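Student: Listed below are the residues making up each chain.
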Amino acid sequence: MRMQLVSFLRFAVFAMAGIWLAAVGTTSLAQERGGTLILLVHPEPTTLASYSHSGATTTIGATKVYDGLLEYDRQLRPVPSLATEWSTSEDGLSMTFKLRKGVKWHDGKPFTSADVQYSIMEGIRELHPRGHTVFAVVDSIETPDQYTAVFKLSKPAPALIQTFASDETPMIPRHLFEGSDLTTNPLNNAPVGTGPFMFKEWVKGSHIVFERNPNYWREGFPYLDNVIARFISDAGTRVSALEKGEVHASINDAVPHEDVKRLDGLDHLEVVRKGHVAYGPILLLEINNRRPPLDQINVRKALAHAIDRQFVIDKIWFGDGVIATGPIPETQAAFYTDDVYKYDFNPEKARKLLDEAGLKPNADGVRFEITHDMLPFGGAWQRLGEYLKEALGDVGIKVTLRQQDFPTFLRRVYTDYDFDLTSTWFISLADPTMGVQRIYWGKNIRKGVGFSNGSGYSNPIVDDLWERAAVETNPETRAELYKELQRIIVDEIPVVWMMERRLAIVKNTRVHDLITTAQGLRDGLYRTWLSKE
Amino acid sequence: MKVRIVNPVGRYLCRRLIQGVFIIFAIVVINFLLLQLAPGDAVEVLAGEAGVATPEYLANLRHKFGLDKPVLVQLGLYLKNIAMLDLGYSFRHNSPVLTLIVNRLGPTLILMVTAFVIALVIGTFLGVLAARWVNTWRDTVVTVFALVCYASPIFWIGLMLIIVFSIKLDWLPTSGIETVGAFNTGFDYVLDLAHHLVLPAITLALFYLAVYARMARASMLEVFQMDYVTTARMKGLREGRVVYKHVLPNALLPVLTMAGMQVSSMLGGSVIVEALFGWPGLGLLAFDSLFARDFNLLLGIFVLSSALVVVVNIIVDVLYSVLDRRIELR
Amino acid sequence: MKEFWRLYSKNIGGVLGLAFIVLVVIMAAIASLLYPTGPFTLTGSSYVQPFHDIFPLGTDSLGRDVAAGIVWGARVSLLVGFTTTLIAVFIGVVIGCLAGYFGGVTDSVLMRFTEVFQTIPSFIFGIVLVAIMSPSLYSVVIAIAVVTWPAVARLVRGEFLALRNREFVIAAVAMGMSNTRIILTQILPNTLSPIIVISSLMVATAILFEAGLSFLGLGDPNVMSWGFMIGAGRNALRTAWWNSTFPGVAILLTVLAINLIGEGLNDALNPKLRDK
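Residue numbers (the numbering used here), protein chains in the order written: chain A, 6 to 538; chain B, -6 to 323; chain C, 7 to 282.
Excised from the complex, chain A in its bound form:
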């Protein structure tokens, strides 16, 4: 009895010591100032004008220099940035932002509501590929005083409040841009903003240097002295650079998926899979619904059942994803539902469905032939194509793979509609109207526009639901509309939803607080710091 008590006490003491040590250990890391963070970015951006170009790496660079009116936390809730308060009117036709006082541009001039008006009405609404559509609903922006901006809308837009981070809607300096041709202004490659870092130099083909803004409006931030975006075009060399510590972190897809796991196992490196929340990336196979026999729902259903999506996730993307159930990703938690038909891996069912559709195998076992155009973004997509060739071949569908470069791919798929099956991925962004609707909306079948509705899917009931949900101000009603949409679209399966990507970022253990907002690496990185070892 006494022995048991002693051993229990000993255990308790050790346990408590352990808990205390753990607590101290995790909270006692004090942020250190200084140092240069070298970020591996691929491919090199062509410009830093994120108000007119929405390429991923353009945004990654530009968000160090520009701020947005808002930021979003990891639950996608808006948080003050250049705007301190905001409100929407009862009728949903007017949004008011109160701006932060005392913010200065990198050249010393003050930030005011005139900049907001200019950035959006002259810049983003005119030139930004997404902003053009998103802000079309804004008729004007009034500036009753220097620190107030009032958006006047032509109809209610409940999704609009989700677009004000620096990645989608950067604030650019009116006094430097006004009167010039925005598309050729040299500031595009040497931006001036209000952000935590200032643009220093761009050595094309090599790197961009951003240095600390000593007058940043967030007192005490940023911690880093410099952020450098480094460009290395060969994948193997990128991996080597990470291993040797020549770069401290890599953006998603810069490191081949094979290596991510291996690098995770090294002492000085670790993998973070949190940077995707604001983007909800979904990988899917677009099916050309115009072409027989793919115009039959049962044939498309068979296609889905013939594919082992978990295999693709495990063997091709090495675990960086989860099976996608439908058009809306689970990151859009307010609208997501998994109460939809599930396309499990079932080749037998696939064969049965094809038999029922009247597509019997011929003497060679082939029921019909299709081509597959692989997204020309590298090895993983080719592996996917090769896998599909085998998997679909197994149920009697003969697949011929086609490889081409990016512009040819865009032309073939989105202009000529000359395809049967393609692979691609879309970012869904924070609200279904921003990134999801464009794929399944009948009015977005637009020749020549990349990543629009390529499959040709057009269902009037569905279109009506999309349009109603876009202007519905009651959150519960809105959510119900989107859930209904998911059920219908999954049943009609215009595309095969493969997986929701978990964008893997590989970073050195010396780097702390790299991902703190929903934007992941596409924010100012002002909280990020480097420890000595």
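Read the hints as simulated data drawn from the structure, not as lab findings.
Calculated cross-link-like contacts (lysine-lysine; reagent style DSSO-like; alpha-carbon spacing at most 30 Å):
id : chain 1 : residue 1 : chain 2 : residue 2
1  : B       : K161      : A       : K537
2  : A       : K537      : A       : K266
3  : A       : K452      : B       : K62
4  : A       : K160      : A       : K488
Just so we're clear, the structure is a prediction, and the values are computed from it rather than from any experiment.
Following the hints, put chains B and C in place on chain A, whose structure we already have.
Tutor: Same frame as chain A, but now just chains B and C:
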């Protein structure tokens, strides 16, 4: 007013230069028309990278870039600009083409010249060595080494070199032209550059090193048979003197011709090396510009590299006639 | 013929090279016997190490047998090598002999034309051609052929220029032979030696060129070629080195063998050089 150039060398140079201009002209026209066959244009790429766009946005951009004009009109405009040494504007990069090329020319030149010198000097030296000590172990080692270098895919060698010398041994950096966080200046910068130059230059040089070694060897052996060498030997001259004074200059003529031709192919080889080592040069720029359909940039690079090849060929031919007095400049 | 073999077999390298290529050709021919389901079959076991299991050279990320890939890939590499060379040599010979035989304006025009193609950086131009035609075996072969024929043309022209003024040609002209007959029956047979030698080198060049294109992602995705395998396995170089290494070795040995054959041919066909 007719200008008569009396000096035969001067006349020759003039003729060659004019011919060179026509060749470049032909190259531009061929490539311009050829590139029109590539599906998709720069605007679609920009829009595709953006992820979403509207038809009006695309049409607007096309008009801005001048892509909505008929093909022959575009070609005519482009040629007119080239004649005035204006290489055009890259809307993708927001910068004049000439600026972009000049910025990336330095690294490519450094890489190519270094690789060229390494290949030529070491390759010829090895070839001469092998010929001098023909059919001995030295000859066999050199020949085998040359064959292996010649037969291996250049990117494979590059990757192996990175793994061995950069990762395992940590002697050299994996990529790039400078240590990015270091902000070196002056002599430190040069040293850092040299450090980064080693692996890419060696990778690019190995193939041509093998070519020169084998050429030099074969050429030397051929010349060894010649009468005047036998004569020299009979006259009692030392073997060394025979080699360096009589054999070498004549044996190197084919090597020289080869060197001229190699400039053209080395530019292409640099695409792979630049891609592998992240070396910010023209090869990589050309590659990227093709897939972005940034034709102004791509054609600009074609013009420049063709001009380079033409000039080098002229120099080689002049040198050739200087070295071998029997050959006249026709 | 016997004389040819006697001279050829004096070069050990040439004999070894020939033996190796014969092996490769046999391997390619019986590929469907060795691996009847083809090289793309997913065996279900990915990243199996070589030399341990039933997969002698291991498997790749999707579980495809590397040895199957090597065997089937031999077909493609050899096909690309020989077809490309055939086309390039054909073009080069036609242009070269026309330029060399007729001389004058024809020569000038054809040589300027050849110079244009020689001045364009060949690898980049090859990439442009493949990009325009979209990657496939067909476009790769055409691209490589278009880029490599100038060397053949130059060589053939030089030979024709040298032989055109020889006695037997002048005699043939005097006899009233047509130009075509003279070219085909009198001169061309005498230029075969250097043409054969350069052809052997071009096969090797074509194989390397195809590997380079595959490395950059511009190869045909429906066929298993060695270049394709290196490209596919490249990202796993550190964890699954066997994916890229074995195809790389295959290319190395094949190109090496072809080069040795070229040297052997050179020795056999140019006997005055062989006494080293």
